[in-house]
Structure formats: structure tokens, C-alpha cells
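Peer 1: Add chain B to chain A, keeping to what the hints say.
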Amino acid sequence: MHPAFSVIFLTTLLGAGQGLFLAIYTGQLYALARFLPRQDDQFYAVGSLVALVLLVVGLGASFFHLGRPERAWRAAAMWRTSWLSREVIILPILMALVLAYGIAHWMEWTQPWFPIGEALDVDATLILGLLGTIAAFALFVSTAMIYASVKFLEEWHSPFTVANFTLLGLASGFMLAAAYSAYIGNPLVPFFGTWAVFWTLAALISRAAHLMRNARLQHKSSAQTAIGIRHTAVVQQAQGATGGSFNTREFFHGRNEATVRFARNLFLTLVFPVPIMLIVAAYLIASPTLPILAFAIQYLGLLAERWYFFAEAKHPQNLYYQRVA
Amino acid sequence: MTQLALVIDLNVCVGCHACVTSCKEWNTSGWAGPMVDENPYDASPTGTFFNRVQTFEVGTFPNTETVHFPKSCLHCEEPPCVPVCPTGASHKRPDNGIVLVDYDKCIGCKYCAWACPYGARELDEQQKVMKKCTLCIDRITDATLSDRDRQPACVLACPTSARLYGDVHDPDSEVSVAIRERGGYQLMPEWGTKPANHYLPRQKIRMHISADELTRVDNPLRKEDLTTYTGEETLDDLAW
Numbered sequence: 001m002h003p004a005f006s007v008i009f010l011t012t013l014l015g016a017g018q019g020l021f022l023a024i025y026t027g028q029l030y031a032l033a034r035f036l037p038r039q040d041d042q043f044y045a046v047g048s049l050v051a052l053v054l055l056v057v058g059l060g061a062s063f064f065h066l067g068r069p070e071r072a073w074r075a076a077a078m079w080r081t082s083w084l085s086r087e088v089i090i091l092p093i094l095m096a097l098v099l100a101y102g103i104a105h106w107m108e109w110t111q112p113w114f115p116i117g118e119a120l121d122v123d124a125t126l127i128l129g130l131l132g133t134i135a136a137f138a139l140f141v142s143t144a145m146i147y148a149s150v151k152f153l154e155e156w157h158s159p160f161t162v163a164n165f166t167l168l169g170l171a172s173g174f175m176l177a178a179a180y181s182a183y184i185g186n187p188l189v190p191f192f193g194t195w196a197v198f199w200t201l202a203a204l205i206s207r208a209a210h211l212m213r214n215a216r217l218q219h220k221s222s223a224q225t226a227i228g229i230r231h232t233a234v235v236q237q238a239q240g241a242t243g244g245s246f247n248t249r250e251f252f253h254g255r256n257e258a259t260v261r262f263a264r265n266l267f268l269t270l271v272f273p274v275p276i277m278l279i280v281a282a283y284l285i286a287s288p289t290l291p292i293l294a295f296a297i298q299y300l301g302l303l304a305e306r307w308y309f310f311a312e313a314k315h316p317q318n319l320y321y322q323r324v325a
Numbered sequence: 001m002t003q004l005a006l007v008i009d010l011n012v013c014v015g016c017h018a019c020v021t022s023c024k025e026w027n028t029s030g031w032a033g034p035m036v037d038e039n040p041y042d043a044s045p046t047g048t049f050f051n052r053v054q055t056f057e058v059g060t061f062p063n064t065e066t067v068h069f070p071k072s073c074l075h076c077e078e079p080p081c082v083p084v085c086p087t088g089a090s091h092k093r094p095d096n097g098i099v100l101v102d103y104d105k106c107i108g109c110k111y112c113a114w115a116c117p118y119g120a121r122e123l124d125e126q127q128k129v130m131k132k133c134t135l136c137i138d139r140i141t142d143a144t145l146s147d148r149d150r151q152p153a154c155v156l157a158c159p160t161s162a163r164l165y166g167d168v169h170d171p172d173s174e175v176s177v178a179i180r181e182r183g184g185y186q187l188m189p190e191w192g193t194k195p196a197n198h199y200l201p202r203q204k205i206r207m208h209i210s211a212d213e214l215t216r217v218d219n220p221l222r223k224e225d226l227t228t229y230t231g232e233e234t235l236d237d238l239a240w
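Chains A and B, in that order, give the protein sequences.
Counting from 1, one number per residue, gives the positions in the first sequence under the working numbering.
Counting from 1, one number per residue, gives the positions in the second sequence under the working numbering.
Here chain A stands alone, though its shape is the one from the complex:
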């Protein structure tokens, strides 16, 4: 498949935004349980504002993927059958909840509504955060299922796709939360950093398993089933167009094998070991800048990861477009 940068930015920015929101809310829950020092409401408000900006920029990137962006509102119509439609519905819901969560903190609407048990006072931010958490995970699933549900792209048609999108989003989001905490100099860096390392390791296991699965993948279709002629040697001589077509532009990445391998090795380095080492180093020397660097490097790695995700997938229609001649 041709890796479109609109979709690469869309999926990575949304993942980081969802992850950051989940990290901020996790921080609030830990503070509520008195495992962490409670932060002032501004911390949560600005954190969810950053998450919202990421979601909005990601949504903006997605418009560059559309041929007719002015009709994008129509995309909510077929939510019964299309995961793309479901994503289009859930994304604005999540944005609204993140915005409401941020506003509730900013306005300090934290008077308890009702208590649960003796220790837990439920306020607006807790409810909005819980709803936002559900929406964030629903968005992870629907974004990933857009790719995982296409059975013809056998590299994507796997639960690993959903696991990777979710875990990599969580990793980059918690990494960003650590960077945010380091930037404003509050003591939550080790907390978010530990979670970021945990999610990064979990994503490494899932992504490596996905790579191994795809390395052994046997494609269902062949040139023989494509034209229905039973012979061991079926070679295309002409594809019915001399200058290429939509089919040659959309479904081929057009790079050589070495570039694809380089992208894989690049993301395996930048997403996993380097940010983990930087976070550990930041913890050891109490550096305020290394967590920011860790997030930036991991995000660059995620761009390479998403590029490779597309380049790796081989569409069966390519069997009809093997040779221009």
C-alpha cells in the first residue's frame, strides 16, 4: 500500500492525544487514591488542552486524505457497517469530552456530586474522565479496525493491528505526559515515565509478534486465482495502461526493499529502546529535558512505524498490476 502522510499523521496524532488524555486521567485517579500528590486543577486542564490540540490536528490531517473534504460530514451515515463511519462519530464525541473535562478542571467544578463509600467523592471531572476513557478506547478500536477489518490486506487483518494501535498510542501519550510534567517541573515524571516504559514494552511485544506473524504469512491469492488459469507459470505482460493508473499509485509504495527494511529498523530503534533509555537516564540524573526528547524521538519513530505498516501490506489487486509494458 502507498503510505499516505495524511493517514500517518492522523493515526499517530490521535493515538498520542488519546494516550495523553488517558495519562492525565490516570494521574487524577492516582491522586484521588492518594498514591500521588494532588495537582492543582490547572495541570489537568492544560494537559487535556494539549490532548485536544493533538486530536484536532489529527482530524485536520485526515481531511487531506479525502478527495472531497467538504462532504466529510456525510461520513457518519453508515455506522452500522463501516468502521470508518464509527471513527468519524466517536472522534468528535471524544473531543467534546476532553474539552468538557478540561473546562471542568479549569473552572474548578470539583464540588462532589455524591459520595461512593466513605473515601470516594464523585465530581464532574471524575464522570467526564470516565466517559472520555471509554470514548478513547472505543476510538482506538475503531481506528485500528478500519485497517484490521479489510480481509484482503492480510498483513492488517489481525488482532495485532488493534493491539498495536492501542498500545503504541498509550505509550506515546504517557511519554508525552512525562514530557509535560518535566516541562512544568512537577514531581509526576517518574510516575508517567514508568507507565510509558510499561506501555512501550507491551507495544514492543505486540508489534514484534505482528512482524513475526507477517513474515510467515502465506497470501491467499496468486496470479493463477486472479485470472483463473491453472498453470505454474502465469506472467503479466501488459496491464492495460502505459502511464500507470490509480491502481499503481494507491497500492504500491514505490520504494525498494532496502528502504522498507530501513524504515522497519528505524522504528524498532526509535520507538522502543531509545525512549526507554532516555526515560531511565532522565530518572537517574533527574533531567527536565530528556523526557521531552524521549517523546519527540518516539513520535518520529511512530511515523516510521506507520509508514512501514502501510508499505508492508500487499494488496491482492497488485496481482493485476505487475507490469506496465
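Source of the hints: derived by calculation from the structure; they are not laboratory data.
Here the structure is a predicted model, which is why all the values come from computation and not from measurement.
Treat the hints with care, since some could be wrong.
Claimed, not checked - With a straight-line cut-off of 35 Å between C-alpha atoms, the simulated DSBU-like cross-links for lysine-lysine are:
id, chain 1, residue 1, chain 2, residue 2
1, B, K92, B, K128
2, B, K110, A, K151
3, B, K204, A, K220
4, B, K194, A, K314
5, A, K220, B, K92
6, A, K151, B, K105
7, B, K194, B, K110
8, A, K151, A, K220
9, A, K220, B, K110
10, B, K128, A, K220
11, B, K92, A, K314
12, B, K105, A, K220
13, A, K151, B, K194
14, B, K128, A, K314
15, B, K194, B, K204
16, B, K105, B, K128
17, B, K92, B, K110
18, B, K110, A, K314
19, B, K194, B, K105
20, A, K314, B, K105
21, B, K110, B, K128
22, A, K220, A, K314
23, B, K128, A, K151
24, B, K92, B, K105
25, A, K151, A, K314
26, B, K194, B, K128
27, B, K194, A, K220
28, A, K151, B, K92
29, B, K110, B, K204
What the hints assert, rightly or not - Restraint ranges, calculated between C-beta atoms of paired labels, are given here:
id, chain 1, residue 1, chain 2, residue 2, range
30, B, T144, A, H2, 36 to 46 Å
31, B, G192, A, M107, 47 to 57 Å
32, A, W109, B, D95, 52 to 62 Å
33, A, V56, B, P34, 35 to 45 Å
34, B, G15, A, Q224, 11 to 21 Å
35, A, Q224, B, N11, 12 to 22 Å
36, B, D95, A, Q237, 37 to 47 Å
37, B, D95, A, N265, 49 to 59 Å
38, A, W109, B, G192, 34 to 44 Å
39, B, T144, A, L211, 57 to 67 Å
40, B, T141, A, W73, 28 to 38 Å
Note that the Cβ used here is the ideal one computed from N, Cα and C, for glycine as well.
Peer 2: Then chain B, alone, in the frame of chain A:
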């Protein structure tokens, strides 16, 4: 239920591209607006086509065959491109089974093209909407045309009659008989898309006769019968 479709006879297709040009001519001047052509007279011409003729070589030299292979939307009975469409622009007509795109609703997200294993859908680079074979819906539903003309442009254009058109759900239609009696098959059956279009395989003009069909041991008509009969029963002695 009616399911209109094409049956393409690979045995007689000569790869002349008449169906391609006729398709383009009809559909580019039709109600849905032009189909883009970029650099038509330059080094790398590219554009939108509903139908393409591809060429494959089967076997290794000197035992090779050239197979010309016309390819357009197969109007699947289980079209995987339809449920993925977020806007409902991509749809299958209930009355005749043709898979169509509503060009006024399409947002050009290309998701349907990802969900088609045959590469039958092409994005129009000027109108920025997805396009595909309509089976000339504007011709075949036009009651003012004569019966002969109410067929897809590609079918009318084919000089060797390699393209048959009709209802594959009617067991007595020309296409159903051709599929049934001449070994019609579907492309990539492994995906369960149930394409409505079928292809007829290439056939050799060759009789399959085994040796014992040529020499029968007790053939009464054999002139070269050298057996010496000494009164035993032969076929001629059987009483009926």
C-alpha cells in the same frame, strides 16, 4: 431477483481494446461527467477507465500462450466495497444487482478501493470521487433505446462477441447457459465475494480419445480382422 452481469469468453478475446475505448467513449460523454485523462498525448498518459484489457503469458517458451484478459467491476453478489463505505455512496442496486457509486455522496476516501481485491475501482483525479463500471446503467435502463442497443457499450463494441450480457440468476438466460455448459468460472473465489461476472475458459479444438476407443477387440466392422474362427460363438451368433 435479477443480477445483471457480463460473461467474458477468454477463448475468443483477441485483446483489441475495442471494449475499453467504447466504454470510455460512452461513459466520458454520459450524464456522470467526463472521466479524466491526464497527459493524453505525453510520455505518461493516465486516466480513469472502467474497463481495461490486460495481457498475461501462460507457460514458458516455447510452450507459451498469450491470454488477453478484460477486467472491469465484477458486480459481486457479496460486494465487500459496499459495507465499508462511510457515506453510503457505494451501493448495490436491489432491482438488478449492479454495484454503483453515487458521485454526489462520495467523499473520495478510497476505503472502498482498499476493500476490493480486484482493483476494479479507480479514483477520478479531477472530480476526486471513486468511479467504476456501471454496466452502462444509463443505456440498459433507457426504455427509449431498441432492445439491441440496451446493452453495455463494451458488449456492443466487441468484434468477436467475447462479451455476453444478461441475468445470471435466470437459469435460461444466454449467460447462465454459457456459464453452465462452457465451464464459466469466477475470479479469486477464495475471498467469498461471489462475483456476478464470469469468465469462460480457453478451450482447445482437440478430441480426447483413448487407444481402446479406436480398436475394439470384437469390433464386427474391422476389415483387418485376422482371427481364424473355428466355430466358437461371436457377436453375430447372439440371439436377440
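Peer 1: A separate judgement is required for each hint: does it hold in the structure or not?
Peer 2: Right, here's what the structure says about each hint:
For the hint linking B/K92 to B/K128, the alpha-carbon distance of about 21 Å falls within 35 Å, and the restraint holds. As the CA atoms of B/K110 and A/K151 are separated by approximately 16 Å, the hinted pair is consistent with the 35 Å bound. Of the supplied pair hints, the one linking B/K204 and A/K220 holds, its CA atoms being roughly 29 Å apart against a limit of 35 Å. For the suggested pair B/K194 and A/K314, the alpha carbons sit about 22 Å apart, so the restraint of at most 35 Å is met.
Among the hinted pairs, A/K220 with B/K92 is consistent with the structure: their alpha-carbon atoms are about 26 Å apart, no more than 35 Å. For the proposed pair A/K151 and B/K105, the alpha carbon gap of about 25 Å is at most 35 Å, so the pair holds. Between the alpha carbons of B/K194 and B/K110 the distance comes to roughly 22 Å, so the proposed pair stays at or under 35 Å and holds. A distance of roughly 11 Å separates the Cα atoms of A/K151 and A/K220; the hinted pair therefore holds under the 35 Å criterion.
Note on A/K220 and B/K110: the hinted pairing holds, with a Cα-Cα distance of about 23 Å set against a maximum of 35 Å. The straight-line distance between the Cα atoms of B/K128 and A/K220 is roughly 31 Å, inside the 35 Å bound, and the hint therefore holds. The hinted pair formed by B/K92 and A/K314 meets the criterion: a straight-line CA distance of about 27 Å does not exceed 35 Å. For the hint linking B/K105 to A/K220, the alpha-carbon distance of about 33 Å falls within 35 Å, and the restraint holds.
Taking the CA atoms of A/K151 and B/K194, the gap is near 15 Å; set against the 35 Å cutoff, the hint holds. Our distance criterion of 35 Å between C-alpha atoms is met by B/K128 and A/K314, whose separation comes to about 24 Å. Between B/K194 and B/K204, the direct Cα distance comes to roughly 27 Å. Compliance with the 35 Å bound is thereby established for this hinted pair. Our distance criterion of 35 Å between C-alpha atoms is met by B/K105 and B/K128, whose separation comes to about 11 Å.
Only pairs whose Cα atoms come within 35 Å are accepted, and B/K92 paired with B/K110 is accepted, the gap being roughly 17 Å. With a C-alpha separation of about 16 Å, the suggested pair B/K110 and A/K314 falls inside the 35 Å cut-off, and the hint holds. The hinted pair formed by B/K194 and B/K105 meets the criterion: a straight-line CA distance of about 26 Å does not exceed 35 Å. Between A/K314 and B/K105, the direct Cα distance comes to roughly 29 Å. Compliance with the 35 Å bound is thereby established for this hinted pair.
A distance of roughly 10 Å separates the Cα atoms of B/K110 and B/K128; the hinted pair therefore holds under the 35 Å criterion. At roughly 11 Å between alpha-carbon atoms, A/K220 and A/K314 fall within 35 Å of each other, so this suggested pair holds. For the suggested pair B/K128 and A/K151, the alpha carbons sit about 25 Å apart, so the restraint of at most 35 Å is met. Taking the CA atoms of B/K92 and B/K105, the gap is about 15 Å. The hint holds against a cut of 35 Å.
About 12 Å separates the Cα atoms of A/K151 and A/K314, which keeps this hinted pair within 35 Å; it holds. Proximity of B/K194 to B/K128 is assessed by CA-CA distance (about 29 Å); at most 35 Å being required, the pair is judged to hold. Distance hint between B/K194 and A/K220 is fulfilled; the C-alpha atoms sit about 16 Å from each other, no more than 35 Å. A distance of roughly 20 Å separates the Cα atoms of A/K151 and B/K92; the hinted pair therefore holds under the 35 Å criterion.
Our distance criterion of 35 Å between C-alpha atoms is broken by B/K110 and B/K204, whose separation comes to about 41 Å. Our hint of 36 to 46 Å for B/T144 and A/H2 holds, since their Cβ atoms are close to 44 Å apart. The given range of 47 to 57 Å is respected by B/G192 and A/M107, whose C-beta atoms sit roughly 55 Å from each other. A beta carbon spacing of about 56 Å between A/W109 and B/D95 agrees with the range 52 to 62 Å that was offered as a hint.
In this structure, A/V56 and B/P34 meet the distance hint of 35 to 45 Å, their C-beta atoms being roughly 37 Å apart. Between B/G15 and A/Q224 the Cβ separation comes to about 20 Å, which falls inside the hinted range of 11 to 21 Å. Take A/Q224 and B/N11: their Cβ atoms lie about 18 Å apart, and the range 12 to 22 Å holds. Restraint check, B/D95 to A/Q237: a C-beta distance of roughly 39 Å satisfies the suggested window 37 to 47 Å.
The hinted window of 49 to 59 Å between B/D95 and A/N265 holds, with their beta carbons roughly 54 Å apart. Between A/W109 and B/G192 the CB atoms are about 53 Å apart, so this pair departs from the stated range of 34 to 44 Å. For B/T144 and A/L211, the hinted distance range of 57 to 67 Å is satisfied, since their beta carbons lie about 60 Å from each other. Checked against the given bound of 28 to 38 Å, the beta carbons of B/T141 and A/W73, roughly 30 Å apart, stay inside it.
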